[in-house]
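Asker: Chain by chain, the residues run as shown.
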Amino acid sequence: MTVVILDSEAVQSLLWPRHPKFRLVASKIEAARWRSTNHAHVTLIVPAAAQVEAGWDRKSSRASGINRYPIAISSLDAEAANFAARIATKHSLKPADAQIGVVCQTQTARDVRVIVLTSNPDAITRAASPTPVAAIRI
Amino acid sequence: MVNPEILNRISSLLQSEDESTVNTSMRLPATLREAANLATEHLGVGPSTTAYVAALLRTAIESALLTGVLETHYEHFPQDRPSLGEIALGVAEIDGNPLANFPALITKAAAEILITHPDASPDDVLLWAEAQQLVDQ
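Chains as they are written, first to last, in the numbering used here: chain A, 1 to 138; chain Y, 1 to 137.
Same shape as in the complex, but just chain Y (with noise of 0.2 angstroms):
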């Protein structure tokens, strides 16, 4: 498990205002170097390669931090880890997916992939429930 400390220091520190810089002595590969900078001036990616790869450090580090944070809570109460049908049923839910109207089925459908397929994704399960339901019809 994650130190709370260390998850409270990386969430103060992204929420902080001061903008102070430091020159950062992070050796990158030239070549990594020479692609940021072409593709800000060419691709549009950022307004500046410090800018993109600033922000590109950013979203690393809320994803890991988010993680962290979750998986700490859920260490602490196991009961409250969604299951991989509520999950799926989430996707249905923002995807606009008429199967969302029965989530039954996507209970089953999880239960059921899973007996198979232990890595079985979020999309996986609403498939198999699609073929399902096409099945019963």
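Bound conformation, chain A alone (with noise of 0.2 angstroms):
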């Protein structure tokens, strides 16, 4: 199983039509659709930390052509809030980096391939630290 997990700037490159990322954003996602076990399936994840960065309204006219996407929310809650504070503090990151820090490690515990598509790849390799994540800059 591949995960790819976007930052808040992968997000608003769906976010906003004509954003002009959106293409380098679709050519990673397009690539781990190839790696991916079937060349298909990658499960897209973001943190509840880098919606809210992004500034990502579901309820939002402006958000019809995001909402489309499967994007599964990866919530913050109490334990991973603690866990991403931790890593914030350590590394000196914004609360997104850190919270997409906790999702790397959840999912690499589970024999996940993680795929983070990112503008600060230093950040999310620190973040992610010591599982190994492809920290793919965009």
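Source of the hints: derived by calculation from the structure; they are not laboratory data.
Zero decoy hints are in this set.
Pair ranges (Cβ atoms, derived):
no., chain 1, residue 1, chain 2, residue 2, range
1, A, P20, Y, L38, 50 to 60 angstroms
2, A, H39, Y, G46, 19 to 29 angstroms
3, Y, T24, A, A40, 22 to 32 angstroms
4, Y, A55, A, H39, 11 to 21 angstroms
5, Y, Q79, A, R137, 15 to 25 angstroms
6, A, A40, Y, A54, 10 to 20 angstroms
7, Y, E34, A, H39, 24 to 34 angstroms
8, Y, R27, A, A40, 24 to 34 angstroms
9, A, S119, Y, A55, 24 to 34 angstroms
Listing some non-contacts, in silico: residues in chain A with all C-beta distances to chain Y over 12 angstroms:
no., residue
10, E9
11, A48
12, A85
13, Q105
Given the structure is predicted, the values throughout are model-derived calculations rather than measurements.
Glycine included, each C-beta is placed from N, C-alpha and C at the ideal position.
Take the two lone chains, each set in its own frame, and fit them into one complex as the hints suggest.
Answerer: Structure follows, in structure tokens:
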């Protein structure tokens, strides 16, 4: 199984129809699909903190495009929030990147291949450490 | 082009938290049903046959939905469709392939291979790019 985690900028590229990075993000999603087991299926995940940072309100009319994507939101429950807080403090990271680190570590523990589309691969690599993830720059 | 309202509805249904179930009248080949039962019981593919089939169905629908959403976007904005070279570069990045440091080489390889192999895959491009790199050394 392959999961693709989107950071806030990747979310924004799907949120705005004419976003300059849409094509770049689409190429990485297509690449992840190609590398998945059946050349088709990947699970797209957006951590709740990245959703907030991107300004993605599912109830907003301007979100009608991105709402069509099969994207799972990873909620920030109490346990995840504590974990993210530790990561954010340890590595001086934004809350959204810290939660991406939580999702990376949680998914990798399930033997899932994790790919993160991010504008800051260095931050994601630190957030996910010691778990190795493919942090792809967009 | 797929009706956007259909895509909206499918997406909405997949994301619904409504966990009510229905007894389906969908007919399955008896042999497939037995194979699924055995795979569940002896191969550990899922906690139950129902859960296994539901998970497979969800996966298949999500894949089709993602294809439908992207294709709809590309039809509206053809310039947003990634090229084979761009996808191959993404594959190289995911793999940690050193070729990812040479995007121009990948772009050139994609352009060359498409002349004779219009259905070339991202892996074909990377193989060709690697071969070209060896020849140039």
